[in-house]
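J.: Put chain E on the given structure of chain Z with help from the hints.
Protein chains: 2
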Amino acid sequence: MAEQERKRIVIENVKPEIDEGRFAIKRVIGEKVGVTADVFSDGHDSPAARLLYQKHGRAEWLEIVMSFLENDRWGGEFIVDELGAYQYTVEAWVDHFKTWRHAIVKKFEDGQDIHVDLQIGARYLEKGSQRASGEDAERLKDLSEAIKNEINQERAVLLATGQEAVQLMNGYPDLSFAVRYCRELRIIVERPKALYSTWYECFPRSCSEQPGRHGSLSDCERILPEIARMGFDVLYLPPIHPIGRTNRKGKNNSPVASPDDPGSPWAIGTEEGGHKAIHPRLGTEEDFESLVKKAAQQGIEVAMDLAFQCSPDHPYVKEHPAWFRWRPDGSVQYAENPPKKYEDIYPINFESSEWRELWEELRSVVLFWMDRGIRIFRVDNPHTKPFPFWEWLIGGIRKDYPEVIFLAEAFTRPKVMNRLAKLGFNQSYTYFTWRNSKKEITDYMLELTQTEQKEYFRPNFWPNTPDILPEFLQYGGRPAFVIKLILAATLSSNYGVYGPAFELCVSEALSGKEEYLNSEKYEIKHWDGDQAGNLKQFIARVNRIRKENPALQTTWNLKFYEVDNEYLLFYGKESEDGTESLLTVVNLDPYHTQSGWLKIPIEEFGISPDQPYLCHDLLSDDKYIWQGERNQVELNPHILPAYIFKMRKRLKRETDFDYFM
Amino acid sequence: MAEQERKRIVIENVKPEIDEGRFAIKRVIGEKVGVTADVFSDGHDSPAARLLYQKHGRAEWLEIVMSFLENDRWGGEFIVDELGAYQYTVEAWVDHFKTWRHAIVKKFEDGQDIHVDLQIGARYLEKGSQRASGEDAERLKDLSEAIKNEINQERAVLLATGQEAVQLMNGYPDLSFAVRYCRELRIIVERPKALYSTWYECFPRSCSEQPGRHGSLSDCERILPEIARMGFDVLYLPPIHPIGRTNRKGKNNSPVASPDDPGSPWAIGTEEGGHKAIHPRLGTEEDFESLVKKAAQQGIEVAMDLAFQCSPDHPYVKEHPAWFRWRPDGSVQYAENPPKKYEDIYPINFESSEWRELWEELRSVVLFWMDRGIRIFRVDNPHTKPFPFWEWLIGGIRKDYPEVIFLAEAFTRPKVMNRLAKLGFNQSYTYFTWRNSKKEITDYMLELTQTEQKEYFRPNFWPNTPDILPEFLQYGGRPAFVIKLILAATLSSNYGVYGPAFELCVSEALSGKEEYLNSEKYEIKHWDGDQAGNLKQFIARVNRIRKENPALQTTWNLKFYEVDNEYLLFYGKESEDGTESLLTVVNLDPYHTQSGWLKIPIEEFGISPDQPYLCHDLLSDDKYIWQGERNQVELNPHILPAYIFKMRKRLKRETDFDYFM
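Heads up: the sequence lines are chains Z and E, in that order.
So the mapping is simple: the numbering used here equals the position in the first sequence, first residue as 1, plus 35.
So the mapping is simple: the numbering used here equals the position in the second sequence, first residue as 1, plus 35.
Bound-form chain Z, shown alone (with noise of 0.2 Å):
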């Protein structure tokens, strides 16, 4: 029979917590975090919680109080604001003080005689003195013997249950049989673009102002005022490293490759170099690193890729037989999906005995491009790779570099896709380039946003990749394009686009599949990007919508709302400090117009039925003045296929005049 025994409180069911605080959750600088725990005793004595945290490394705990919510649950909130790892905990003990002031108010109201009562509250405010110091001991000394000696019994009941005693006893409480939660839970905390960012995938190769020409990284420098007129702050290059001759892929991923064919990008490694060498067509270190710092220069940040995989003639092959897998009749194991199969690539066989060496040599990669200035890598198909290894590697990087950003290409099954969020990615790819209807769109918004998800797994949307041209593109014509990037850019604060393939409303497809025609992965493209019907302009004005409105700038606000029509979704984002609202309104029917009654939310916004308001649509600039919570629209997606309207929170000082200015 320990000590500890004695200790009548339980902690539980503590949230947020990842697989039993196996893995931290994530946060941005400057979000809150909430906690909540159940705290109870038996009996019928009062608990008392508090939720502590700290920054790793410091020795000191802050702490906070935690309050009631209902059905034994407590909860508190703080707000992160340094990079870096974070832990938190609760705390929690049966607060005798409180039970007694509790009891002491409901037998006086009964007329019970409580002088011996009132002699027992003196008795906790006489050892509360003793727990406290200075100023705050002779207080509660003193409070201790004015009750003693009060023989009015209602002046002494006032005294012990009026603020000051309740604060000096809360500031001192008796924690000789508290707990703490089993263990500390963790948080990392990343800086505010792992949260929002705006991302533009391209190949230079293509960037070429000549057609036919091999466009290089300079040649990607000159474009770069155009992706910050539209607004991007990412740009994610595609491999820049050599691309291997054998087995190389012609186009649209014809196993022959005729002399001219560039190959695909992430068929990597020539003897001229592998993973930390770029392409001699597309430039120098020298011209890399200027690149990078011309985009800074115009707030973008280059984002490499991470596709750990070698073309036959990578010089790993040579240098590292023995990460690869060798088949008995001496060939080395290509990478194959049965039964389809890319020779141009040979996996890495991680499974390999010399995997330390493997480990290292990849680290390396990692740290030779951060050393040329790069924080955010795109990761080719982590999930073909050990989750360990991710976790090593990712964990190492951010112990020293908390601002590096990594988002994972993971384009496969619900669990796998969590653990490497889990584990480290900072972002994700997600399922929002094949969800199209009402239902798709909530139910899995809904799974993002409301399940235990939002607290590792950050979704970064995209309508497109060079791997994937969906259906509803293909289909749905330029107002599909519309609908897709109004989604991605509203519902998801990172959300990104494979350019200028989207802003050109490409949408032929090999037949029958999700491929491009004439893939980019293949060929040199030469892109018309002025070409009519495009969408830079409209792709600016989202992007500009979102950097003036932070609820836009996160994902976790995101509430949905009644409209009686099934092609049409209604949701809302609040800002943090909830003094104004962007409602969207989106037409996800790329053919027809479609209208209905919208339930605008009015109660939230402090409006009364017989208030009117303004409703601003950002997109267009229209305003509209409505009254009541039942409104219609109509959209039409040849036109503009959305709304994205802008509301003020109605504050009690305000007339109806403020909202027609």
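Chain copies aren't distinguished; within one or between two, either way the pair holds.
Straight-line alpha carbon distances no greater than 30 Å define the calculated DSSO-like cross-link-like pairs of lysine-lysine that follow:
(1) K560 with K311
(2) K376 with K42
(3) K133 with K375
(4) K473 with K228
(5) K286 with K548
(6) K376 with K133
(7) K67 with K450
(8) K450 with K133
(9) K142 with K375
(10) K474 with K489
(11) K50 with K450
(12) K50 with K489
(13) K376 with K141
(14) K376 with K162
(15) K474 with K594
(16) K375 with K141
(17) K489 with K450
Please keep in mind that the hints were generated in silico from the structure rather than gathered at the bench.
T.: Only chain E this time, still in chain Z's reference frame:
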């Protein structure tokens, strides 16, 4: 980089698992333990998983092959057949041979040249042969050779993927990178009565044949046949100890007792003794042992009340003053729930500095009655004593006496009730007492039977107790008693009544309260069990149906079905072997006849819409021949407010004729 890091498999979300394995799940002998887990690795390799379990203390683990369910979830199950503790865990690994088999089939069907792949397969078999021994090793070696030398690729594929190869290889998996789940989870296996028991509570002091005379344990012995006839198998006695005189309560909880008032049996202890003594007017230890013995002869176990509290006259007060809370005026703190006072009872102060002696003494009380043949305890207000105390007490007793059953009488907040169940109580009182509408009952049953709660919280349903005469019974007349009895007896495999007040449909309450008028807690009663309208025959019939139909001897097989009337509740329970089901329809309205269309789950019974089938009502013994899934019922609460239909599952070989037998 530890070698451990090379293991690619993840095992998580193992169910059942209570609070990360902090608590055991519960089963009775013969019950199934179904275990599921998320099992996955990176990439596209096939995992394999097995469930390991063992009786506590044995060295060997038993292995069950787990099957893939869906979405990376795997499952397996086993049956526990011994009293005591078990443990289980999950093991998984990447199954390269399985991965290879799936690939070779696809490649072969695609017409690819697979001769190198076949060599790889032969290698896997060769390695398998090295892990095997004896004949299996030979056969694997032979298979490997056969595949290596087979010129016909089709025949080689058939050999490598055939049943023999698969079974042999599954017997000798390559476990070099196998992962064990991070913890071993515990099971407490109890005797069947923990799951299926029928309780009768009565006051021995009211058992005298002579009105006005104090009844005794011998009087109680006399009514055993009556209790057995009604089909009860547990006789629970309120405390039988000496009753304090100081501040003894009079009739109807009056603070003043007349000299004749016997007091509340829960005010335990006088100078004649405390928790180990028997009230002199109830009899002697010999009488008690005789009652226990005679009861056993009639299939009835006697359950004792453990009410750890004292009257002011209890010997503990003088012998162990430190076990009580003393007030500044030198008095002992009596029980209270302000403004209510219970001056005839002193609660024990578990925060006492002499808590170790206290715990030991209370355990000795349990052991004292166990020595006299008791194996079932009903624990009074366990939620007012510390959780660690119960965990220590029950855990310790269980180690030596795994057959002991503790029923928690905790009518309190859900999380507190759950905690008590988790830490060891075998059965628990519930909110059933107050659940009357279809929605209330359905929601509550789903919570009890479809959530994690079912792994540790075994409900015991009580329509009434000496403390609680719920409104439904106060106002619903005899039909209300019949309805609640049927619900208790068919929804929960553990249930009990407080009699004879129950079978005599006693419904008079203290005005505006749920307390009985002239409660037996404060006075001696003389019941006329054969009074007109008594439910004895009816109770006997219901309990016989429970006894004859194992489907009603568990709570976990409950399923609700559709009926188009909000006052009718329709549910079924299937026998473990799946051959028969009991379908119960109850009219929840004690006043009016209700009718409705049932949707009989004929598909579950293998009955096609055009086949007639027999419904045998076990309550009335009436038989009906129905056809199709929609059938009408009408239930008059004044006659019989329920049907309990017995349905047999139609097997292929049966003819329609069978159903008329």
